[in-house]
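Asks: Protein sequences appear in the order of chains A and B.
The first sequence begins at 1 in the working numbering and counts up by one.
The second sequence begins at 1001 in the working numbering and counts up by one.
Please keep in mind that the hints were generated in silico from the structure rather than gathered at the bench.
Some hints could be false.
Stated by the list, open to error - A few chain A positions that, by computed beta-carbon distances, are all more than 10 Å from chain B:
1. A8
2. E14
3. L103
4. M107
5. A129
6. R143
7. L151
8. E155
9. L192
10. E195
11. G231
12. F239
Said to hold, decoys possible - A few chain A residues that face chain B, going by a derived Cβ cut-off under 7 Å, partial list only:
13. N58
14. L63
15. R65
16. S83
17. E84
18. E85
19. S87
20. I96
21. N102
22. V104
23. A106
24. P116
25. R118
26. F119
27. E121
28. R220
Stated by the list, open to error - Quick look at which bits of chain B chain A covers, simulated, 3 or more residues with Cβ under 8 Å:
29. 1371 to 1381
30. 1387 to 1393
What you are looking at is a predicted structure, and each value in this text was computed from that prediction instead of being measured.
Cβ coordinates follow ideal geometry from the N, Cα and C atoms, glycine included.
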Amino acid sequence: MTEKSRRAGTIRTEAVCRHYQMGDAVIRAVDGISLEVGAGEFVALLGSSGSGKSSLLNLIAGLDRPTSGAVIVNGDNLAEMSSEELSRYRRHSVGIVFQAFNLVGAMTLLENVELPMRFAETERGQRLALAREALQRVGLGGRLMHRPGQLSGGEQQRAALARALANRPSLLLADEPTGNLDSHTGNEILDLLHECNERLGMTLLLVTHERALAERYAERLVFLADGKVVGEQANVPAFQRVAAGGSGKGTAGPQTQEGERR
Amino acid sequence: MKADDLVDLAARNLRESMLRSSLTTLGIGVGVASLVAMLSLGIGLQQLADRRLARSGLFDTIVVTSRRSLRGFGRADNRNGAPPAESRPLDEKARAEMARLPNVLEAVPDLHFIGEVRYEGKPHLAMVAGLPLSARDKDAFDNMQGRFFSSDAADEAILQIQFADELLGIHQKLGESSSKLSGQTQALIGKELTLRYAERVPSPAAPESKPVPAEEGGGTGDRSGALKDAPQPPVMAAFSVVPRERKLHIVAVTDQDPEGMRGASGARVFIPLQMVEKLHVMLPSGLRGSEPDFANVPAYLSLSVRVNSADRVESVQDAIRKMGFSTFSILDATRGLQRFFAVLDLFLGIFGSLALAVAALGIVNTLVMAILERRREIGIMKAIGASDGDVKKLFLAEAAVMGLVGGMLGVALGWAMGRLINAGANVYLHRQNLPSEELWAVPWWLVAGAIGFAIVISMISGLYPAARAARLDPVQALRYE
Chain A
1 MTEKSRRAGT IRTEAVCRHY QMGDAVIRAV DGISLEVGAG EFVALLGSSG SGKSSLLNLI
61 AGLDRPTSGA VIVNGDNLAE MSSEELSRYR RHSVGIVFQA FNLVGAMTLL ENVELPMRFA
121 ETERGQRLAL AREALQRVGL GGRLMHRPGQ LSGGEQQRAA LARALANRPS LLLADEPTGN
181 LDSHTGNEIL DLLHECNERL GMTLLLVTHE RALAERYAER LVFLADGKVV GEQANVPAFQ
241 RVAAGGSGKG TAGPQTQEGE RR
Chain B
1001 MKADDLVDLA ARNLRESMLR SSLTTLGIGV GVASLVAMLS LGIGLQQLAD RRLARSGLFD
1061 TIVVTSRRSL RGFGRADNRN GAPPAESRPL DEKARAEMAR LPNVLEAVPD LHFIGEVRYE
1121 GKPHLAMVAG LPLSARDKDA FDNMQGRFFS SDAADEAILQ IQFADELLGI HQKLGESSSK
1181 LSGQTQALIG KELTLRYAER VPSPAAPESK PVPAEEGGGT GDRSGALKDA PQPPVMAAFS
1241 VVPRERKLHI VAVTDQDPEG MRGASGARVF IPLQMVEKLH VMLPSGLRGS EPDFANVPAY
1301 LSLSVRVNSA DRVESVQDAI RKMGFSTFSI LDATRGLQRF FAVLDLFLGI FGSLALAVAA
1361 LGIVNTLVMA ILERRREIGI MKAIGASDGD VKKLFLAEAA VMGLVGGMLG VALGWAMGRL
1421 INAGANVYLH RQNLPSEELW AVPWWLVAGA IGFAIVISMI SGLYPAARAA RLDPVQALRY
1481 E
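One chain only, chain A, in its complex shape (with noise of 0.2 Å):
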């Protein structure tokens, strides 16, 4: 665990809002949540749909700016820095996994996984080099030139998640990755997610609606409903509790209630 302590990969949100304005309607989609992620845990947030999870997530990400309070990742502020700086964050912190998958469709999974390393300015030769591998982590060795419609979802999503490492982030963001797909190719890509987290130390933020899922791979489950957090619970991942106390990195006691309720 001496591993997460380190800044890279610290999530912190401090009384976060996103309100859209809607007409004469004001919806609070995050609604003042403050969380706490450590480098390297993995933690669910769970909810029904309009919950506010995907809105939190895209706040994390930096691909939105909250209307008030502040998202603190790696130690900076994200509300405070200019579309410049957050671009170059989204670029080296922030890998983003979609439930939509998000390739581009008139390139190849190679040139898929490729692009977030032009925008980072890596070498061409080095660029090929690193997709290519990323890409036979994933299991996608033999299918480099193919283009994502030619390829199943599960494929698909596992290319994502190539491209998502691609520029070796610290913090890992998953907004119902197996959303699209069927139970056992999500476990498939869920297993991939969790490696990451394992044998890379990267940090993992789960957003699903499946508590199922949640409770066989994250460390902490976080709960939202109408852009709140509703609750908040560690949890050991199902296939630890299977290793009976071994070497198992959840070390707070199972169904452990911290969840508070407004």
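For chain A, the structure is supplied; the task is to place chain B on it using the hints.
Replies: Relative to chain A, chain B alone:
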């Protein structure tokens, strides 16, 4: 993002929407082509005019006359300078002085007279003019049959085509536009002519009586004095007029229209200039008495001073005025002509640009459509680390690539269009029995300029779509399904 990656990505994006990109690019191409076609026509016409005018000797020539001459050009000079009768005569000394001025190539007298030309026993009247050897380069002798004078004093003559026809007894049919050089005129070359003229022989005797055929002198002097109220010259020149004959060989026939040659006064027979000087022909001016001779030094009616460049005409003109002569050049006419071509180019450019403006709208349309279509892709790029600047640059690069390809296409198309127009014009010129001309010029700067202009116009057109794409909110773009 690095520039090569930008261009790489831009090119692949354009390839993805091949049909639309190539139609837009073709639009730019047509716009550039019309611009290139118009401008190169303008430039070609200007070059043609410059070439023609430079060789016509109009723009590098100053006509110098004495202020005494009633035919003096510069009336304003006469008012400011010395009284006409007191000013210098335009004599050989003055000519040599002018020839020594900086930037002056030569100063040649304009000598011409009416002589009787006998060919095969028949007399013909013709204006005879002296030509310096330097006239060889003038365009007047472009289509000459035969050769130019072998030396500056050779007993040789060049005939104007209509006079050649007259000698041959060929009469122009009505409706026929011009005479043509033919085998018949060719046959004249090498034949002999007899030139009969009146020589002015100075006579040392008093001007009272002369036994020789014609006589002039004192009377004219009086007239000039009375007219200008100037002091009488101390000694009045006296001379006799003697009829002479000289045999000449025809060396060439030119089809140049006699009216087209300045200084030759519609001459139809040309002989070497030095020979004319040696002949001492009795000139009409001598009879009129506006050019009284001092001590029998012949004075010229006018001189043509050739300057090495049209730009220096003005300074040389000033220098000659300071020497006390009247000058005339058509420098001002040149300026008017240059202004005319500048305006012509401008208008041709504006018309050419209209098509390019339409093409620019095509670029705006294509790129705005591309934003709608690639909304999601832009969102993805931003999510994985593209900055607003990267997205903007990418769209600008796409516009620039279309501009570059369209520009190159346009230059090629415009060049082809121009060749076609030129070929058509030459068919027309040929039908009119005129020599073919290069109406068309595509200088390198026009090629580079047109491609550069296409790129700039394309990028300007891309500014708005690029800014819109850069502003796109990634959350919105990715939510869109």
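Asks: A separate judgement is required for each hint: does it hold in the structure or not?
Replies: Hint-by-hint comparison with the structure:
no., hint, verdict
1, A8, "holds (17 Å)"
2, E14, "holds (21 Å)"
3, L103, "violated (8 Å)"
4, M107, "violated (8 Å)"
5, A129, "holds (16 Å)"
6, R143, "holds (19 Å)"
7, L151, "holds (16 Å)"
8, E155, "holds (18 Å)"
9, L192, "holds (18 Å)"
10, E195, "holds (21 Å)"
11, G231, "holds (26 Å)"
12, F239, "holds (30 Å)"
13, N58, "holds (5 Å)"
14, L63, "holds (5 Å)"
15, R65, "violated (10 Å)"
16, S83, "holds (6 Å)"
17, E84, "holds (6 Å)"
18, E85, "violated (9 Å)"
19, S87, "holds (4 Å)"
20, I96, "holds (6 Å)"
21, N102, "holds (5 Å)"
22, V104, "holds (6 Å)"
23, A106, "holds (5 Å)"
24, P116, "holds (4 Å)"
25, R118, "holds (5 Å)"
26, F119, "holds (4 Å)"
27, E121, "holds (6 Å)"
28, R220, "violated (25 Å)"
29, 1371 to 1381, "holds (count 5)"
30, 1387 to 1393, "holds (count 4)"
Checked against the numbered hints given earlier, the structure breaks hints 3, 4, 15, 18 and 28 and satisfies all the rest.
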